[in-house]
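Those protein sequence lines, which keep their order, are chains A and B.
Counting with the working numbering, you get residues 1 to 261 for the letters of the first sequence.
Counting with the working numbering, you get residues 262 to 522 for the letters of the second sequence.
No lab work stands behind these hints, which were simulated from the structure alone.
A couple of the hints might just be wrong.
[Unchecked claim] A few chain A positions that, by computed beta-carbon distances, are all more than 10 Å from chain B:
1) L56
2) P123
3) S160
4) A169
5) K199
[Stated by the list, open to error] Keeping only pairs whose Cα atoms sit at most 27 Å apart, straight-line, the calculated DSSO-like set for lysine-lysine is:
6) A/K199 to B/K517
7) B/K460 to A/K150
8) A/K122 to B/K464
9) A/K199 to B/K499
10) A/K150 to B/K464
11) B/K451 to A/K190
12) A/K256 to B/K499
13) A/K21 to B/K517
14) A/K6 to A/K238
15) B/K451 to A/K256
16) A/K128 to B/K464
17) A/K199 to B/K451
18) A/K199 to B/K406
19) B/K499 to A/K242
20) B/K460 to A/K122
21) B/K451 to A/K128
22) B/K503 to A/K145
23) B/K517 to A/K242
24) B/K300 to A/K203
25) B/K389 to A/K203
26) A/K242 to B/K503
27) B/K499 to A/K128
28) B/K464 to A/K203
29) A/K145 to A/K6
30) B/K389 to A/K190
31) A/K203 to B/K411
32) B/K460 to A/K256
33) B/K517 to A/K145
34) B/K503 to A/K238
35) B/K316 to A/K21
36) B/K389 to A/K199
37) B/K383 to A/K199
38) A/K55 to A/K21
39) A/K256 to B/K503
40) A/K199 to B/K464
Heads up, the beta-carbon is just placed ideally off N, CA and C, and yes, glycines get one too.
Here's the letter readout for the chains.
There are 2 protein chains.
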Amino acid sequence: MDAIRKITLIGAGNVAWHLGKVFLQNGLQIHQVWSRTGKHAAELAEELNCSHTNKLEEVDSHTDLYIIAVSDDAIASVAEGIPERNIPVVHTSGATPISIFKDAGYGKYGIFYPLQTLSAKKPVDFSKIPLSIECSGEDFEKQLKFIANKVSENVFTLDSGQRRIVHVAAVFACNFSNYMFMIAEDLLEKNDIPFEVLKPLIKETAGKIEHSSPYESQTGPAVRHDYRIIENHLDMLKNEEKYREIYNLLTQNILKVLEKK
Amino acid sequence: MDAIRKITLIGAGNVAWHLGKVFLQNGLQIHQVWSRTGKHAAELAEELNCSHTNKLEEVDSHTDLYIIAVSDDAIASVAEGIPERNIPVVHTSGATPISIFKDAGYGKYGIFYPLQTLSAKKPVDFSKIPLSIECSGEDFEKQLKFIANKVSENVFTLDSGQRRIVHVAAVFACNFSNYMFMIAEDLLEKNDIPFEVLKPLIKETAGKIEHSSPYESQTGPAVRHDYRIIENHLDMLKNEEKYREIYNLLTQNILKVLEKK
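Work out the full structure: start from the sequences and follow the hints.
Here's what the structure looks like:
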């Protein structure tokens with residue numbers, strides 16, 4: 001097995017920034033950075049001590065791996081735009097299938113998907129981030145696992161179908177739970193109550209997943225079948241029609257799930 | 262101001278258990294425990310080194326404060342059942358108004374509402390739990406704040422209207438966000454993917470509220486107006502009608518909120 005030592009980053013956003021940093025820290029070399037925006041490519045290249053370009057036709061082939069870390073919409077066209085097809089290539093998205101690489105004519109390809117929300121230049125302990133990989137073949141899987149294990153303690157394989165499921169599940173677990181926090185904040189602010197008062201409760205709620213399943217941890221008026229409180233809450237939300245609709249739908253569903261419990 | 266030194270716990274559930282423990286630790290005395298279920302009263306009384314009863318008519322008046330920590334449905338009838346009206350009384354609920362005490366004929370009364378989900382016999386750092394209080398008068402407020410400040414670093418006053426808002430906001434921020442975790446877990450399990458893979462992401466999502474508002478932290482396909490991914494997800498959920506309905510409603514709302522952004 002030829003070890004991957006030199007990596008080319010296609011993209012200069014949050015994911016590319018974090019991957020570049022953590023690869024360097026773990027003894028790998030970044031060979032080149034491409035970004036459509038020359039300034040972004042140059043800035044990241046400077047941090048990673050490598051060359052840069054904003055022209056896909058200048059992405060060179062003296063490298064061991066292309067990592068495409070761009071928005072889902074751009075992955076296919078960027079993959080088409082790279083001149084060389086004989087270098088292994090991966091993308092970092094949960095939502096785009098592996099098949100786009102075959103369609104673009106690559107021989108060795110895969111997925112390198114970190115399951116985390118990576119914020120701009122906010123350092124994270126990458127070793128704790130689950131890394132899901134998928135590969136076109138066994139040889140390349142060994143190569144990719146080698147670099148994955150260098151940066152994360154939690155590497156596992158998912159096929160494209162499973163990765164799509166993880167992606168939609170993450171929308172519920174993260175984007176929608178954050179939206180629930182947002183509704184709470186809005187209701188409090190409209191009544192001059194600082195959001196601070198709910199923070200310990202939110203932390204405890206998220207902390208519980210360490211010890212018990214969300215199914216076991218579910219609490220609240222719907223679980224207690226406390227219809228008087230539910231009616232009270234719906235009445236309080238009568239001037240917040242959207243929130244009322246969400247409250248009602250989620251409550252009805254929790255009531256149904258727990259009938260089966 | 263007469264300091265409160267001896268407390269009677271009306272109820273022997275999670276809230277009574279935690280309050281009893283933390284009062285004892287902070288130099289207050291528990292005088293008596295009442296529970297409808299004699300065994301529960303006896304068990305908690307043994308831990309708190311005090312007397313107990315399962316008869317409301319035996320709740321005695323050689324005490325400085327009654328704390329009613331029973332389910333919302335039972336608060337009014339328990340308050341009615343205590344023979345003495347000249348001892349100050351509080352309840353610990355976010356959802357029941359203070360007026361029930363006036364209706365029952367008490368002179369000094371209030372609310373002592375810890376904003377936390379207290380699990381059975383799982384010790385918590387009570388000093389970090391926000392305690393919301395409300396009182397019938399200024400004298401009693403001073404007395405109640407005195408014991409509140411002994412056990413929590415975060416004591417504040419809310420009137421009954423505000424407390425109702427906090428309670429409904431907590432349903433969104435905690436019960437509903439946990440339900441989002443539950444949906445994610447269900448989707449993953451049906452596809453043989455361990456829920457473990459999402460835990461770091463959930464922790465990070467909840468952790469973000471420390472540094473930025475949920476409004477600023479909102480991410481995901483709806484925020485990016487990524488209609489292709491949204492359509493994909495809705496298509497994947499076509500056999501999970503309830504989840505599809507929730508996905509659609511929440512996404513439509515996030516799209517609308519962020520139009521205004």
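In rising order, the numbers of the hints this structure does not comply with: 4, 5, 9, 11, 13, 14, 17, 22, 24, 27, 33, 35
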